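Undergrad: Each protein sequence line maps, in turn, to chains W and X.
If you count the first sequence from 1, position 153 lands on 152 in numbering that gives the first Met the number 0, and the numbers rise without skipping.
If you count the second sequence from 1, position 95 lands on 94 in numbering that gives the first Met the number 0, and the numbers rise without skipping.
Hints in this document: simulated from the structure, not taken from any laboratory.
Computed from a predicted structure; not experimentally measured.
Errors might be hidden in some of the hints.
[To be verified] Just a few of them, taken from the derived set where beta-carbon distance is under 7 angstroms, the chain W residues facing chain X:
id, residue
1, His165
2, Ala166
3, Phe168
4, Asp169
5, Gly179
6, Leu248
7, Asn255
8, Asp281
9, Val282
10, Val284
11, Asn286
12, Ala288
13, Ile297
14, Val298
[Said to hold, decoys possible] Heads up, simulated SDA-like pairs for lysine to any residue below, C-alpha to C-alpha not over 20 angstroms straight-line:
id, chain 1, residue 1, chain 2, residue 2
15, X, Lys236, X, Lys293
16, X, Lys285, X, Val298
17, X, Lys151, W, Lys293
18, X, Lys151, W, Arg156
19, X, Lys79, X, Asp61
20, X, Lys293, W, Pro75
21, W, Lys293, X, Lys14
22, X, Lys270, X, Asn241
23, X, Lys14, X, Glu92
24, X, Lys285, W, Asn171
25, W, Lys79, X, Gly149
26, X, Lys79, X, Cys178
27, X, Lys151, X, Asp281
28, X, Lys285, W, Glu131
29, X, Lys293, W, Gly74
30, X, Lys79, W, Gln175
31, W, Lys285, X, Asn241
32, W, Lys79, X, Asp260
33, X, Lys151, X, Cys178
34, W, Lys293, X, Cys178
All C-beta atoms, glycine included, are put in the ideal place defined by N, C-alpha and C.
2 protein chains.
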Amino acid sequence: MSRKYVVGVDLGGTKIATGLGNMEGDLLAVRIIPTQASLGVDGVIERIHSTIYDVLEKAGADIDELYGIGICSPGPVNPKTGMIALAPNLGWENVPLVQLIAKEFPVPVFLENDANAAALGELWFGAGRGVENLLYITVSTGIGGGIVLGGKIYRGRNFMAGEIGHAIFDANSPVQCGCGQYGCIETLASGTAIARIARERIQSGEESMIRSMVDNLDEVDVRIIAQAEEKGDKLAKDVLDNAVRNLGLFIASLLNILDVDRVIIGGGVSKLGSRLFDGINDVIVKNMADIPAKNTPIVPSQTGDNVGILGAIGLVFESIGYSRVG
Amino acid sequence: MSRKYVVGVDLGGTKIATGLGNMEGDLLAVRIIPTQASLGVDGVIERIHSTIYDVLEKAGADIDELYGIGICSPGPVNPKTGMIALAPNLGWENVPLVQLIAKEFPVPVFLENDANAAALGELWFGAGRGVENLLYITVSTGIGGGIVLGGKIYRGRNFMAGEIGHAIFDANSPVQCGCGQYGCIETLASGTAIARIARERIQSGEESMIRSMVDNLDEVDVRIIAQAEEKGDKLAKDVLDNAVRNLGLFIASLLNILDVDRVIIGGGVSKLGSRLFDGINDVIVKNMADIPAKNTPIVPSQTGDNVGILGAIGLVFESIGYSRVG
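Isolated chain W, as found in the complex (with noise of 0.2 angstroms):
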């Protein structure tokens, strides 16, 4: 049988997502279930494996028609060794993925981390196809990226490359992060910030309609926040102006720094849509050196849902050397 197929999976805390798709990169089959991660690894590897088998299935594939399977999964993976160094929310150390999912399907395996693999997908099938160099920004939980260069996900040398959100961004901050250091941009600019930001500041006796909008003020979020704000709070649009702007000013220090085609921003937090792109625009305009690189497009995700999906599957096209035409 000739291979036309590729499977890719995305492998997260709550749910399992493959999706099997062929090379012109249309998904033909998906397949998505809960993790059950307190079923420790092997209970895990099994379902992973059933969602494999039910993909092909309704596809109507066989495994020799496939090119290979891709993972992506959160947390620093190794990709060349194939292992999940550490996955905090499967609780998982040092488990050798690859090898756990090539022993039951005899075909090329490969796994890299979840930013990296978005930016592959969005490479292959979305807002960075016919681009060289780009850079993916997802701003959600945390803030993570991924970095292609001359058509290639950019590893480091510890694979781990793309950390952008532990840049430093406000050095003076008071606030530390997750990672040790103060003033990282994931302090200041992620969903998770922007949602702390708001409620310390109402916390703190500031007037904002928010505080009817929910029971508990642990509920608020960033699509809280933007309600708020079309509704005329005054608050909301100040957080969200402030993270914009922080934004902004991010993105044109990495463009300084890596002068990229294009920057693509995924995660919840770009679900603000033209609120969060017109305000980068408008910030980089306002601020950045009168530079060629000010004009670099910003542009949304264009994988949606299926980023993970897609990251994987873009993941096995690098991996395998596969370029279409056009």
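We have chain W; now place chain X onto it with these hints.
TA: Structure of chain X alone, referenced to chain W:
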């Protein structure tokens, strides 16, 4: 005649330094003369020509024996078109430098900005030998950088990658950078910034022996501050501590983004030696998250005063695809 030499030209606002090297990177002849920028483009080009003839003669080499001529110059250049876009210290704008040199010498001529060339000099002949991915940082009047990835300079979309001095590090800083932004690392830790901070603190009334070490506070520079610190001056120590801390945390940020094999620091401030390097390592050990990138070697430049010449020669090596054994 067979080719066996390369010429490197370091074109600066005050001097032209030209060297002829063999393919082992040994400099066989060097010629340094004042630039005399007031002579205008034609006059300076003639002076460059004369230095090239000088080193050829000194080394007993013939033009036909050259693989090529490399030139580095400050400011934005276009290595593809061979144009100097802007060189304020020469008063030049859109000068077709490569063309003007190639007209006189019928060999391949290559142009690169000084920080990128310095990175190539380190890669080929200095502290970056044997390394695939490196970040070269120059800390002097400003802060610049050159990024080598996969053994080649990474230039970016507009040939401006590596402009790390304009990464924002202290977003709430009141100090505006020459680029228009506030809080760029260049405003906090360049040689100019360190001197300015010391001067301002003394002017605002703080005690320091620096006051008696200079006739005029305008003379304060990093060398004098370091001397004062050695004599026990508290303000000098505090100013240097802050600069070292900022540089260390900034390099940690860059490691999170780029995860290179090695960081090499050159420029005038790097002459602080162990005061700088031990300090930076200490800051990184104490503050950066416990990830492998934390152990990236951070080392001094090894190309010394010939950094520009060797960088320009390295540029030719890279451009002609030369690879040395070992």
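Undergrad: For every hint, state whether the structure bears it out.
TA: Going through the hints against the structure:
1. His165: Holds, about 4 angstroms.
2. Ala166: W:Ala166 check passes; min Cβ-Cβ to chain X is 4 angstroms, inside 7 angstroms.
3. Phe168: For W:Phe168, the interface hint holds, since the closest Cβ of chain X sits about 5 angstroms away, which is under 7 angstroms.
4. Asp169: Status holds, d = 4 angstroms.
5. Gly179: holds, 5 angstroms
6. Leu248: Holds: closest Cβ of chain X sits about 5 angstroms from W:Leu248, inside 7 angstroms.
7. Asn255: holds, 4 angstroms
8. Asp281: violated, 15 angstroms
9. Val282: violated, 11 angstroms
10. Val284: violated, 11 angstroms
11. Asn286: With a closest approach of 6 angstroms, the W:Asn286 hint holds.
12. Ala288: At about 4 angstroms, which falls below the 7 angstroms cut-off, the nearest Cβ of chain X leaves the hint on W:Ala288 intact, so it holds.
13. Ile297: Violated, about 13 angstroms.
14. Val298: Nearest chain X Cβ about 15 angstroms off; hint violated.
15. X:Lys236 - X:Lys293: violated, 25 angstroms
16. X:Lys285 - X:Val298: holds, 18 angstroms
17. X:Lys151 - W:Lys293: violated, 25 angstroms
18. X:Lys151 - W:Arg156: Roughly 15 angstroms between the alpha carbons, so the hint for X:Lys151 and W:Arg156 holds.
19. X:Lys79 - X:Asp61: violated, 27 angstroms
20. X:Lys293 - W:Pro75: Between X:Lys293 and W:Pro75 the Cα gap is close to 14 angstroms, so the pair holds against 20 angstroms.
21. W:Lys293 - X:Lys14: violated, 32 angstroms
22. X:Lys270 - X:Asn241: Within the cut-off at roughly 17 angstroms; holds.
23. X:Lys14 - X:Glu92: At roughly 18 angstroms apart (the allowed maximum being 20 angstroms), X:Glu92 and X:Lys14 satisfy the hint.
24. X:Lys285 - W:Asn171: holds, 16 angstroms
25. W:Lys79 - X:Gly149: Holds, at roughly 17 angstroms.
26. X:Lys79 - X:Cys178: violated, 25 angstroms
27. X:Lys151 - X:Asp281: The hint is violated at about 30 angstroms.
28. X:Lys285 - W:Glu131: violated, 37 angstroms
29. X:Lys293 - W:Gly74: Roughly 17 angstroms separates the two Cα atoms, so the pair holds.
30. X:Lys79 - W:Gln175: This hinted pair is violated, its Cα atoms lying about 44 angstroms apart.
31. W:Lys285 - X:Asn241: The hint is violated at about 30 angstroms.
32. W:Lys79 - X:Asp260: Distance ~17 angstroms between W:Lys79 and X:Asp260 Cα, so the pair holds.
33. X:Lys151 - X:Cys178: Measuring from Cα to Cα gives roughly 28 angstroms; hence the hint is violated.
34. W:Lys293 - X:Cys178: holds, 12 angstroms
Consistency with the previously given hints fails for numbers 8, 9, 10, 13, 14, 15, 17, 19, 21, 26, 27, 28, 30, 31 and 33, ordered from lowest to highest.
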